[in-house]
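Asks: Residue-level listing of the chains:
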Amino acid sequence: MGIKINDQSFKKNLKKNLNDDFMRAAMVKAQDLINKNRANVLSQLGDGNYQEWQKLSGEVRAHAIENLDFYLNQFAENVVKNGGNVFFAKDAKEASQYITNLAIEKGVKKVVKAKSMVTEEIGINHDLIDAGVDVKETDLAEYILQLDDWNPPSHMVVPSLHLNKTQIRDVFAKNGYSGKDIPEDLAAFARAQLRNEFVTADMGIYGCNFAIAESGAITLISNEGNIDLCTSAPELQVAVMGMERILATYEDADICISLLARNAVGAKNTSYTTFVNGITEEGAADGAKEFHVVIVDNGRSKVLKSQFKEVLQCMRCAACLNICPIYRQVGGHSYNSIYSGPLGVVLTPLLAGYDDFEELPYMCSLCGACTEVCPSNIKLHSLIHEHKRVLAEDKKASTFWGAGMTGAGMVFSRPWMYKLGTGVAPLMTKPFMVDGKIKRGVSVLKGWTDKRDMPALEKVRFRDWYTSRSKGGNK
Amino acid sequence: MKQGQILNRESFISNISSILGREMPKEVVHPGLSSKPQLEIYKGFTQAQLAEEFHKNAQINKAGSGGKIDSLIIEKKDLAKTVAEKLAEHGAGPIIAWNDERFAEWGLNDVLNDAYVWTDEKGRENVDKALKASYGVCISDISLAETASYTVIDKLGKGRSSNFLPLNYVCIVPQSTIVPRLTQAMQKLHEMSKEGINPAAINFICGSSSSSDIELNKVWGVHGPIRLTYLIVSDL
Chain G
1 MGIKINDQSF KKNLKKNLND DFMRAAMVKA QDLINKNRAN VLSQLGDGNY
51 QEWQKLSGEV RAHAIENLDF YLNQFAENVV KNGGNVFFAK DAKEASQYIT
101 NLAIEKGVKK VVKAKSMVTE EIGINHDLID AGVDVKETDL AEYILQLDDW
151 NPPSHMVVPS LHLNKTQIRD VFAKNGYSGK DIPEDLAAFA RAQLRNEFVT
201 ADMGIYGCNF AIAESGAITL ISNEGNIDLC TSAPELQVAV MGMERILATY
251 EDADICISLL ARNAVGAKNT SYTTFVNGIT EEGAADGAKE FHVVIVDNGR
301 SKVLKSQFKE VLQCMRCAAC LNICPIYRQV GGHSYNSIYS GPLGVVLTPL
351 LAGYDDFEEL PYMCSLCGAC TEVCPSNIKL HSLIHEHKRV LAEDKKASTF
401 WGAGMTGAGM VFSRPWMYKL GTGVAPLMTK PFMVDGKIKR GVSVLKGWTD
451 KRDMPALEKV RFRDWYTSRS KGGNK
Chain A
476 MKQGQILNRE SFISNISSIL GREMPKEVVH PGLSSKPQLE IYKGFTQAQL
526 AEEFHKNAQI NKAGSGGKID SLIIEKKDLA KTVAEKLAEH GAGPIIAWND
576 ERFAEWGLND VLNDAYVWTD EKGRENVDKA LKASYGVCIS DISLAETASY
626 TVIDKLGKGR SSNFLPLNYV CIVPQSTIVP RLTQAMQKLH EMSKEGINPA
676 AINFICGSSS SSDIELNKVW GVHGPIRLTY LIVSDL
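First to last, the protein sequences are chains G and A. For the first sequence, the working numbering assigns the number 1 to the initial residue and increments by one for each residue that follows. For the second sequence, the working numbering assigns the number 476 to the initial residue and increments by one for each residue that follows.
A portion of the hints provided could be inaccurate.
Calculated pairs, PhoX-like style, for lysine-lysine (alpha carbon to alpha carbon, straight line, at most 20 Å) [what the hints assert, rightly or not]:
1) G/Lys93 <-> G/Lys302
2) G/Lys81 <-> A/Lys630
3) A/Lys630 <-> G/Lys29
4) A/Lys501 <-> G/Lys81
Everything labelled a hint here was simulated from the structure, so no lab data went into it. Bear in mind that the values here come from a model prediction, so they are computed numbers and not experimental data.
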């Protein structure tokens, strides 16, 4: 799939999603539920001083990024000491090719795969399928999306959030399910379908929440247990990690793990937290006999070089999605990227370029809520603002947007034009008014009035009203 | 393919070093954490108090799971009887247990008489037995009071699949293994790693397999065990 999830225009995606009432309600429900639980568990973390933990997490992530070369090297050495192999991939193509060639070389017929953003990013599934390998996504949401003709994920933690249970029932019905749209029954169907796959697969592929340099461990965090089964039965295993997932020590991992589940799903911990250290002891009946770690750059080094490098501290908890008022209204698919929400707004144009994603930085009201919650202490809203600056100053913004901003700049910097403009604005907006409110707009105004009314502009300007009042007027 | 390889390292790492404006350092001194709030959690608690906290948090997990998680504090003399009760609670069925001499030491030979014992020499047969098992029995290596988590450190005889495939799980939690939180477990892994010991897998487990992927409804037993019972043994 890669980072971009479809070839439709940004506006078309947005329009489609704004008309999906179930999806929009699901976003609101998810945000409300997760944030309520999040606040509760964070208040119980030690003495409830979340900011102290947030600062620590930011420190350990920043330290790792500042010394990325050293820690990646140390990590790779330790993976080998633990009996594994490491492949450094400069881009998605190299990473996917390495894994696909490995599968072909080893005669792999079936892969069980656990959810991971970076494996979506490198598009491994379709390369393996093209090579004749049967790929089974095993996370419940990803399994649903795979059966739904590879429907793209809409949330980093709850990827199938945009689908309702009836749609899921219909997807399963095409694959042999004959029951009702009851979540327990649907999950039981998935369990029955997947259980045997874990123990008959030739290869397990999973991501990496954190990589520990001091030991060579891959850390995996989940609730379903599917990742643990992917790390248990298959004899050949591959972990794929973005190069920024590194942490120096187990002590650093403690801080980050302590914040990840609390911020991601509002739970103290996920059911399973696993550290994988390569191949099993000689003679073990299960576990990896051969272990590979693929470390992916794919544009991250460009980010490291830029003023946006702080975003590499992200631990992919989705707290920023869960608090964002824009994400709440438009849903994950509107970003047209596997990375949605404020993190997606920052990261996607950096990894995939402005050409396809120049609209993304404007999917933000700069309210700063994402910065406030971020457990990696990333000033997300400042980075989004910086994107807007780059787009404006490097003239990468669209001609229409650029002309609009230039026009606005002219008006706001010339008092006589501002006075004239604000004076005639009530008259100019009159044709769009119905029952005393602006209900039909054009151009930029249309985006607003399509969804809500705008109050009519006052005939008397604030400055005039204020001057009059200062002189004893009664308005 | 040759094993133990690191491919493309030089170009990849030197590119990063160049971006960072220097050559890769030979050593990096970790600045340390500016504060350590994690050490304050349950600081100074006795083992008995930690066991109480473990139990209390397990009960919270139990409430959140609609009863799929359970926890009891018992004494060693009651262990065999309680394990037997728990292995029958959800109907009869095949049992799988680790190849661990502590079961005999703790008087569980009779209770586990019919259990299949993980035997690495038998290869994949073990995995098939785990797949069909109704019950699994294990012992926590490190137990975390804050999250009511038990830990399995991979070793021959334990069988990773046996920890995730059975429908129901009974975990014996010796009180002596309980530490305040993940912090102390990480300290132990750090010490082990310094000695060159990096077990192939370390699993921290604090609940049943669950998912909220369908309209955010929590469902249990998506892949792994549906039910989990902790038996906290106060004098082990």
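Asks: Each hint should be assessed against the structure and marked as holding or not.
Replies: The hints, checked one at a time:
1. G/Lys93 <-> G/Lys302: 17 Å, holds
2. G/Lys81 <-> A/Lys630: 18 Å, holds
3. A/Lys630 <-> G/Lys29: 43 Å, violated
4. A/Lys501 <-> G/Lys81: It holds: about 19 Å lies between the C-alpha atoms, which stays within 20 Å.
Checked against the numbered hints listed earlier, the structure breaks hint 3 alone; every other hint is satisfied.
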